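Asks: Hey, can you piece these two chains together into the complex? The hints should help.
Protein chains in written order, with the numbering used here: chain A, 125 to 630; chain B, 15 to 139.
Warning: the hint list may mix true and false statements.
Stated by the list, open to error - The calculated DSBU-like cross-link candidates involving lysine-lysine, where the alpha carbons are at most 35 Å apart (straight line), are:
id : chain 1 : residue 1 : chain 2 : residue 2
1  : B       : LYS22     : A       : LYS336
2  : B       : LYS22     : B       : LYS59
3  : A       : LYS195    : A       : LYS525
4  : B       : LYS132    : A       : LYS220
5  : B       : LYS59     : A       : LYS594
6  : B       : LYS22     : A       : LYS525
7  : A       : LYS336    : A       : LYS267
8  : A       : LYS195    : A       : LYS568
9  : A       : LYS568    : A       : LYS603
10 : A       : LYS594    : B       : LYS132
11 : B       : LYS22     : B       : LYS132
12 : B       : LYS132    : A       : LYS525
13 : A       : LYS220    : A       : LYS267
14 : B       : LYS132    : A       : LYS336
15 : A       : LYS195    : A       : LYS220
16 : A       : LYS254    : A       : LYS220
17 : A       : LYS267    : A       : LYS568
18 : A       : LYS195    : A       : LYS254
19 : A       : LYS568    : A       : LYS525
20 : A       : LYS594    : A       : LYS195
What the hints assert, rightly or not - Quick partial rundown of chain B residues pointing at chain A, CB under 7 Å, derived from the structure:
id : residue
21 : LEU29
22 : ASP48
23 : VAL50
24 : LYS74
25 : GLY120
To be verified - Okay, the calculated beta carbon distance ranges per label pair:
id : chain 1 : residue 1 : chain 2 : residue 2 : range
26 : B       : GLU44     : A       : ALA583    : 40 to 50 Å
27 : A       : PHE461    : B       : VAL88     : 42 to 52 Å
28 : A       : GLN485    : B       : LEU106    : 48 to 58 Å
29 : B       : LEU106    : A       : LEU313    : 36 to 46 Å
30 : B       : VAL88     : A       : GLY542    : 50 to 60 Å
31 : B       : ASP96     : A       : THR522    : 46 to 56 Å
32 : A       : ALA611    : B       : LYS132    : 40 to 50 Å
33 : B       : ALA40     : A       : ASP526    : 18 to 28 Å
These aren't lab readings, by the way, just hints derived from the structure by calculation. Keep in mind the model is a prediction, meaning the values are calculated, not measured. We put the beta carbon where it would ideally sit given N, CA and C, even for glycine.
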Amino acid sequence: MNGKTTFTGHRGLELREDLIFEIGTRDRSGVDLAPLRGLPDRLGGITRDQVDLPGLAEPEAVRHYVRLSQKNHAIDMGLYPLGSCTMKHNPRLNEKMARLPGFADIHPLQPVSTVQGALRLMDQLAHWLKTLTGMPEVALSPKAGAHGELCGMMAVRAAIEARGEIDRRTRVLVPESAHGTNPATAALLGFSVDEIPASEDGRVDLDAFRDKLGDDVAAIMLTNPNTCGLFERDIIAIADAVHAVGGYFYCDGANFNAIVGRVRPGDLGIDAMHINLHKTFSTPHGGGGPGAGPTVLSERLAEFAPLPHVVANADGLELVEHGPHTPDKPFGRMVAFHGQMGMFVRALAYMMSHGADGLRQVADDAVLNANYIMAELGDVMSAPFAGPCMHEALFDDTFLKDTDVETLDFAKAMIDEGYHPMTMYFPLVVHGAMLIEPTETESKASLDLFIATLRDLVAAAQAGDTERFKAAPQLAPTKRLDETRAARQPVLRYGVTEKKQARAAE
Amino acid sequence: MSAIKFTKDHEWISLDGDTATVGITAYAQEQLGDVVFVEMPEAGKTVAQGDEAGVVESVKAASEVYAPVSGEVVEANPELEDNPALVNQDPLAGGWFFRLRLSDAGELDGLMDEAAYKAYIEELD
Numbered sequence: 125m126n127g128k129t130t131f132t133g134h135r136g137l138e139l140r141e142d143l144i145f146e147i148g149t150r151d152r153s154g155v156d157l158a159p160l161r162g163l164p165d166r167l168g169g170i171t172r173d174q175v176d177l178p179g180l181a182e183p184e185a186v187r188h189y190v191r192l193s194q195k196n197h198a199i200d201m202g203l204y205p206l207g208s209c210t211m212k213h214n215p216r217l218n219e220k221m222a223r224l225p226g227f228a229d230i231h232p233l234q235p236v237s238t239v240q241g242a243l244r245l246m247d248q249l250a251h252w253l254k255t256l257t258g259m260p261e262v263a264l265s266p267k268a269g270a271h272g273e274l275c276g277m278m279a280v281r282a283a284i285e286a287r288g289e290i291d292r293r294t295r296v297l298v299p300e301s302a303h304g305t306n307p308a309t310a311a312l313l314g315f316s317v318d319e320i321p322a323s324e325d326g327r328v329d330l331d332a333f334r335d336k337l338g339d340d341v342a343a344i345m346l347t348n349p350n351t352c353g354l355f356e357r358d359i360i361a362i363a364d365a366v367h368a369v370g371g372y373f374y375c376d377g378a379n380f381n382a383i384v385g386r387v388r389p390g391d392l393g394i395d396a397m398h399i400n401l402h403k404t405f406s407t408p409h410g411g412g413g414p415g416a417g418p419t420v421l422s423e424r425l426a427e428f429a430p431l432p433h434v435v436a437n438a439d440g441l442e443l444v445e446h447g448p449h450t451p452d453k454p455f456g457r458m459v460a461f462h463g464q465m466g467m468f469v470r471a472l473a474y475m476m477s478h479g480a481d482g483l484r485q486v487a488d489d490a491v492l493n494a495n496y497i498m499a500e501l502g503d504v505m506s507a508p509f510a511g512p513c514m515h516e517a518l519f520d521d522t523f524l525k526d527t528d529v530e531t532l533d534f535a536k537a538m539i540d541e542g543y544h545p546m547t548m549y550f551p552l553v554v555h556g557a558m559l560i561e562p563t564e565t566e567s568k569a570s571l572d573l574f575i576a577t578l579r580d581l582v583a584a585a586q587a588g589d590t591e592r593f594k595a596a597p598q599l600a601p602t603k604r605l606d607e608t609r610a611a612r613q614p615v616l617r618y619g620v621t622e623k624k625q626a627r628a629a630e
Numbered sequence: 015m016s017a018i019k020f021t022k023d024h025e026w027i028s029l030d031g032d033t034a035t036v037g038i039t040a041y042a043q044e045q046l047g048d049v050v051f052v053e054m055p056e057a058g059k060t061v062a063q064g065d066e067a068g069v070v071e072s073v074k075a076a077s078e079v080y081a082p083v084s085g086e087v088v089e090a091n092p093e094l095e096d097n098p099a100l101v102n103q104d105p106l107a108g109g110w111f112f113r114l115r116l117s118d119a120g121e122l123d124g125l126m127d128e129a130a131y132k133a134y135i136e137e138l139d
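Next up, chain B with everything else stripped away, as it sits in the complex (with noise of 0.2 Å):
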């Protein structure tokens, strides 16, 4: 599994090979509160960088999962629909949203690693 990285919308991207895991960080799900419903894109959905690929839906707010990069959706998470409270206690792992069979692997040299996300938060603070 090579390094995560970090959209500016509090996406996290993990790659392994050509696929790649997405899930919303451990400061968005802070922020969202509570999480009571998730919807995911379907298994051969292709999105574009940028292009809403979700809906997480808290307490608070409902909010748009972004995709990071272009790709083909393979495959979401199923546990989540069940237990949306994933999200809040495991963002980084078992609260992960979608794999992503990747279109251009150089759209993650654009997105942040941890250091800089860590930056990033701390200024939105």
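The following block holds chain A by itself, in its conformation from the complex (with noise of 0.2 Å):
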């Protein structure tokens, strides 16, 4: 631990703290066990002494864990302007109503009589993201926005195969600004993917998008609005020309918090969709809880949506785990079972509480505070494509050229300011990246504070304070780390060696 200005290495009331195998040692316990009698040893005669667990009275432990909670940043310390990643306030209504008893402490495999409420919620909070996308199907289990595209594509590749076209529809098209999941999940269901380049204004290159387009096309994956926080003005023409060729649109709905109330995608002829829950629609994320990728099928794809589906019968709503009992097509089932309901109380309290018009002042203002950020930066930091933007800033490094201050040294000086680094070096097809998306929860007041902040960095800057830069942070718990030796000789284990290692419990 770095910084050692006090006798005890303490600054302040922020406490440091080592690893928890530097405080605790062998010989010590929290509790005290007697000695097992009559059992058989299931530890391969490994004994207490042997395994190197570190012992802490139950204070100490406490402290430990308190202490090192105190060194996280949360979306609840302060603003987390991390761009494409809609670090807003998740609101505490939501989580009262994911502690009810009546959802918390249900099981999956309870009997479907049992929990009518619970499938009543997802059948509710699947009727208003189908309303909010103009989409006719979801599937809700996917558990994260990867998974979901992941959704969306197989039920695109089940298409495919269903008209008997999978040996031939084998490229996939993505855009050079695109999230890394679209061409992973593309390569991974075994199609090859084929950029298409960004036009001078950011967004796609429709011409060169049409010169790719053939009936070897399965599909697009675009993301709108896009990682450059711009809105894909030709969306309408992209849809049109490739379902032309036959192909399918996916969209990533990463973004969607930025459009949510004012676009429906199926309006612009996306056949699915994945929304991140724990984006747009308020659920903890970011170490503070598991995503949510519910994805959205149009006419064309809604056969082939993954099981289960909720279903209305006579004796109530009906879990359908098997399949097919329609004419439906469903491609499988995506997890073991029906997705993270706590997630879906939690999005669905906020929908309920915002209302239709509520959600599109979520967009409306996300938008607003995005561009105030542009418009009040856009004088000293440098945009590399004209605003208005949506729901991010995107800014280059133009602005430090003539420093020797790079993208990561103005970042880890905003650590010292108390502030969560924007997105950086993302989206690759701006030089040193600054992606800044400060979301519908921040007021005035914060906003203004934060410009102000970086207003001075770029100052600092330019004005050659450079040790402010290349030092930073200086003032958080630990001061700059090793990046390059941290990923070329990653250490990810402590004071284990070899000879421990070989004596594996039974």
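Replies: Spelled out as structure tokens, the structure:
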């Protein structure tokens, strides 16, 4: 631990903390256990003093984890402008609803007659998602954005197989500014990936896209708004063109928060889109909770939606887990059970507490806040593409050109000022990219302080105060980490020797 | 050893007899920053000009390395697996990626020479 300026190493009430292996000892334990008698040894003869468990008294263990928890940065502590991640406030009402025993204490193997309320909630969430996107079908079970992408593209693949064209349609078009998961998903399903170049204004180059079309195209995967924070104006033309050659249109819905309540993806000709409940619909993420990536499907793909489905019958709601009982052709199951129930509750609580008009305002305010940042910083930082932007403001490193400061240094200096850095070096199409997404939940006062801070940093960089950047962060619990060495020579375990490893338990 | 040629994707290729050595340029490694991992093609793999032949990953980003010309991979640089820093330290020599047996040496004519590449990267800056 660096930065020892006091006798103890603590900085006031911000307490330093060593690894648990460094503070615990083998000969201590927080509990007294009587020796076991009459039970077989299932540990291969290993005794307690051989396994290097750090022994701590209960108050020491409690303090250890509380101190570590205080070193986290979280949306509950401050602005978290990580572009493309939508780190917005997680309303406490959502948490209250998710903790209701009728939702929190149920089990996925309970008889369906005893979980009608949960199924009703899933059905209602599905209704909201289908209505907001203008799509006829939704698969709730995908557990994250990339998993939702996989779901959508598996439906595309199933549809192509059903048409008997799987040997011919082998190519998926992906713009060069795409999320890395898009080409990865296509490749995982056995498609080849063909990149579409961007135009000068940061959008899909429509002519270049048309040149790549052919009857071997399975789909295009496009993010809208895209990763430069820009709305793809030609999206309807793109949809028409890919449909004309018999392909499908997958939309990455990671940035749906910018258009929710304003634009229905179904109206744009999209065939499949995942929705990050943990972004647009405020469920926790970034270490706070699991993701959830329900995937909506168009009329052309609806019959290929995976199991399970919630359907209504004479006895109430039923979860269709085995199929097909209908003319549908589900491509199978994606997960063992039904999806992230806790996230479904939170997302629906968010939808119902905001209402349709409130959700529309979410998008309006997210876009307004991002444009406020772009406008207030546009004269000192450099935006590669002319605004207005959507929900995130993209800058490049042109404004740092004649300084010794790079994007990474600039981001590290933000930590000293109490901010989580913005997304760096992504999208790749922009040099030294800095992608700032404030979200709608920041107040004007919060944005003004953030803007003033960045202006101060820009002035310092241009005035040659390189020390403030190269050594940053200087005030964080740990100083600048050697990221290169961490990647080249990762040490992932504490003090484990080969000899001890060999003595694995039974 | 003949003159070195360059691609728009910042690979260099240097012909020696019927095989050529391929790597990424000094400009490319500088843009990438510290290289932490390199994935190379296996010997015997056939690549067409412009095909993805490898991956170079830095602290900032992962990028593809494309085959500057068509041919068969003869050998990949065994040093890079344990010491990817060579790409930063010595991009044009010790940090080479792989050697190719060319199937069409004429493809080299379509690539840039040193002066043209220099002008190309000046334009990018």
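Asks: Next, verify each hint and record whether it holds.
Replies: Results of checking the hints against the structure:
1. LYS22/B / LYS336/A: Measuring from Cα to Cα gives roughly 20 Å; hence the hint holds.
2. LYS22/B / LYS59/B: Answer holds: LYS22/B to LYS59/B is near 23 Å, not above 35 Å.
3. LYS195/A / LYS525/A: holds, 33 Å
4. LYS132/B / LYS220/A: violated, 62 Å
5. LYS59/B / LYS594/A: violated, 43 Å
6. LYS22/B / LYS525/A: holds, 23 Å
7. LYS336/A / LYS267/A: Since the Cα atoms of LYS336/A and LYS267/A sit roughly 32 Å apart, the hinted pair holds (cutoff 35 Å).
8. LYS195/A / LYS568/A: Distance of about 27 Å is within 35 Å: holds.
9. LYS568/A / LYS603/A: holds, 31 Å
10. LYS594/A / LYS132/B: The hint holds at about 30 Å.
11. LYS22/B / LYS132/B: holds, 11 Å
12. LYS132/B / LYS525/A: Holds - the C-alpha atoms of LYS525/A and LYS132/B are around 19 Å apart, at most 35 Å.
13. LYS220/A / LYS267/A: holds, 22 Å
14. LYS132/B / LYS336/A: holds, 31 Å
15. LYS195/A / LYS220/A: Holds, at roughly 26 Å.
16. LYS254/A / LYS220/A: holds, 25 Å
17. LYS267/A / LYS568/A: The hint holds at about 34 Å.
18. LYS195/A / LYS254/A: It is violated: about 40 Å lies between the C-alpha atoms, which goes past 35 Å.
19. LYS568/A / LYS525/A: Cα-Cα ~30 Å, so holds.
20. LYS594/A / LYS195/A: Between LYS594/A and LYS195/A the Cα gap is close to 22 Å, so the pair holds against 35 Å.
21. LEU29: violated, 28 Å
22. ASP48: holds, 4 Å
23. VAL50: Result: holds, 4 Å to nearest chain A Cβ.
24. LYS74: holds, 4 Å
25. GLY120: It is violated, given that the least Cβ distance between GLY120/B and chain A is near 25 Å, above 7 Å.
26. GLU44/B / ALA583/A: 40 to 50 Å: For GLU44/B and ALA583/A the Cβ distance comes to about 27 Å; the hint is violated.
27. PHE461/A / VAL88/B: 42 to 52 Å: holds, 51 Å
28. GLN485/A / LEU106/B: 48 to 58 Å: holds, 56 Å
29. LEU106/B / LEU313/A: 36 to 46 Å: holds, 39 Å
30. VAL88/B / GLY542/A: 50 to 60 Å: Check passed, 54 Å falls within 50 to 60 Å.
31. ASP96/B / THR522/A: 46 to 56 Å: At roughly 37 Å between Cβ atoms, THR522/A and ASP96/B fall outside 46 to 56 Å, so the hint is violated.
32. ALA611/A / LYS132/B: 40 to 50 Å: 31 Å Cβ-Cβ, so the 40 to 50 Å window is violated.
33. ALA40/B / ASP526/A: 18 to 28 Å: Check passed, 21 Å falls within 18 to 28 Å.
Consistency note: the structure conflicts with the earlier hints numbered 4, 5, 18, 21, 25, 26, 31 and 32.
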